[in-house]
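Given these sequences and hints, build the entire structure.
Protein chains: 2
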Amino acid sequence: MDTTVETESVRLYYWPHIQGRGEFVRLVLEEAGVPYLDVARLPKAAGGGVARLVELRRGEGKGLLPYAPPFVKVGGLLVAQTAAICDFLGRRYGLVADDEAARAGALQLQMTIADVVAEAHDTHHPVSTSAYYEDQKDAAIEAAKAFVAHRLPQWLGYFEKVVERGGGDWLLGAQMSYVDLGLFQLVAGLRYAFPSAMEQQSAPRVFALADRVAEREQIAAYLRSERRIPFNEDGIFRAYPDLDVTG
Amino acid sequence: MDTTVETESVRLYYWPHIQGRGEFVRLVLEEAGVPYLDVARLPKAAGGGVARLVELRRGEGKGLLPYAPPFVKVGGLLVAQTAAICDFLGRRYGLVADDEAARAGALQLQMTIADVVAEAHDTHHPVSTSAYYEDQKDAAIEAAKAFVAHRLPQWLGYFEKVVERGGGDWLLGAQMSYVDLGLFQLVAGLRYAFPSAMEQQSAPRVFALADRVAEREQIAAYLRSERRIPFNEDGIFRAYPDLDVTG
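From first to last, the protein sequence lines stand for chains A and B.
Counted the way our numbering counts, the first sequence spans residues 321 to 567.
Counted the way our numbering counts, the second sequence spans residues 321 to 567.
Any given hint might turn out to be false.
The list treats identical chains as one, so a pair stands whether inside a single copy or across any two.
With a Cα cut of at most 20 Å, we get these calculated EDC-like pairs of lysine to aspartate or glutamate [as the list claims (entries may be wrong)]:
{"id": "1", "residue 1": "K457", "residue 2": "D554"}
{"id": "2", "residue 1": "K364", "residue 2": "E546"}
{"id": "3", "residue 1": "K465", "residue 2": "E454"}
{"id": "4", "residue 1": "K465", "residue 2": "D455"}
{"id": "5", "residue 1": "K465", "residue 2": "D564"}
Rather than coming from a laboratory, the hints here were simulated on the basis of the structure.
Next up, the structure:
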């Protein structure tokens with residue numbers, strides 16, 4: 321059974337019960353139509369399970385030691401860090417134009433999305449990622465207020481301007497790239513975590529772009545499938561009503 | 321006078337009074353021996369000043385809108401996001417080997433360094449980047465305790481293992497790359513912000529690597545020069561004695 325894993329060329333290693341940062345990678349692979357193994361979600365008997373991920377993290381693989389999931393293994397090369405993975409896969413599978421400006425542009429935007437993701441995460445864990453939400457709830461409510469009042473409109477406004485300046489349907493203009501998938505995921509996550517606050521935001525171009533991504537054939541099929549894990553309160557985006565503050 | 325700026329090929333845009341994230345870029349340019357203009361630090365009369373940076377941020381330039389400094393302009397291309405800039409410059413000026421594994425590896429490590437930098441920053445601003453340190457000092461002390469007790473040894477231990485596994489003097493093994501400069505800067509910043517806590521850390525390979533970087537001809541000259549802005553309490557790494565907690 322291990323041969324199933326060994327013969328496939330693309331393997332994703334990520335926590336099996338959450339979308340998390342791994343979802344940005346899943347979306348790239350789904351849009352590219354690349355067959356991949358979501359290793360930690362496979363049964364042990366098929367060579368899967370969380371243990372495979374933990375082994376790599378512990379340094380039982382070859383090559384550069386990854387710090388934290390997600391990581392992807394393609395043709396013997398293990399790549400970690402979400403935006404670096406998206407850059408790597410995007411170039412490999414044609415989800416970014418093959419020129420320096422598009423590559424640097426997509427990578428830079430994906431890293432900016434990662435910054436928003438980290439900030440959104442930190443609203444429920446502002447003091448320590450090792451402590452419980454309940455033990456830092458007061459600080460979390462303050463952090464959520466600051467995020468919703470200042471940062472959320474700033475970030476959305478930024479991406480809105482990028483789409484506007486690009487003059488096309490996508491962040492980089494006329495050509496769709498992996499970073500559009502990332503923006504879709506960011507919007508979906510923010511809507512899950514901050515439904516009321518997001519209702520009050522104005523970013524028509526960003527929201528229309530997110531809709532366009534959701535309607536793409538491969539993505540629509542993926543979102544309907546069981547491969548798409550529902551959002552939940554173990555992930556980055558958490559629906560804690562106390563944090564969905566509105567002004 | 322504007323011609324000085326216009327004829328140079330590499331321009332760095334970053335806040336003029338702090339090392340901040342811009343320092344990771346300055347170190348790459350210094351090591352590469354590439355002449356560059358640190359635009360915001362130049363006099364207005366020579367086409368410099370913070371206004372030039374703000375203009376680009378406001379969208380008065382061409383191409384992709386950057387979110388936040390640092391950004392770099394090379395041959396008409398504007399690139400933002402520290403790790404994306406380091407990747408771009410590293411490839412352009414030979415500070416990373418020209419193969420997929422080295423490139424993906426260096427980028428991934430630089431992004432991990434960026435994660436530590438963000439966490440170190442958030443110790444003094446855990447609740448909101450828009451509020452004063454004094455107004456979130458209690459949460460900051462808790463955040464610093466958690467950072468020093470859990471995250472600092474984890475991060476240093478991770479980089480220590482990477483150097484060990486690489487089997488050479490540098491993070492990627494035998495060949496120095498831009499990410500070694502980044503690790504040097506991270507260690508320098510952590511030592512400035514958390515002097516006592518850093519004294520208690522054991523990461524001999526990481527600290528030896530940082531020393532090797534500091535002794536490189538171009539870097540040593542840079543560190544002695546006035547181009548190296550001293551650490552201060554407006555930057556990412558701040559020497560707040562209340563946050564230099566030890567176990």
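To see whether the hints hold, each was checked on the structure:
no.: 1; hint: K457 to D554; verdict: within (16 Å within a copy, 28 Å between copies)
no.: 2; hint: K364 to E546; verdict: within (19 Å within a copy, 59 Å between copies)
no.: 3; hint: K465 to E454; verdict: both (17 Å within a copy, 18 Å between copies)
no.: 4; hint: K465 to D455; verdict: both (18 Å within a copy, 15 Å between copies)
no.: 5; hint: K465 to D564; verdict: within (8 Å within a copy, 28 Å between copies)
Comparing the model with each numbered hint stated earlier shows that all of them hold.
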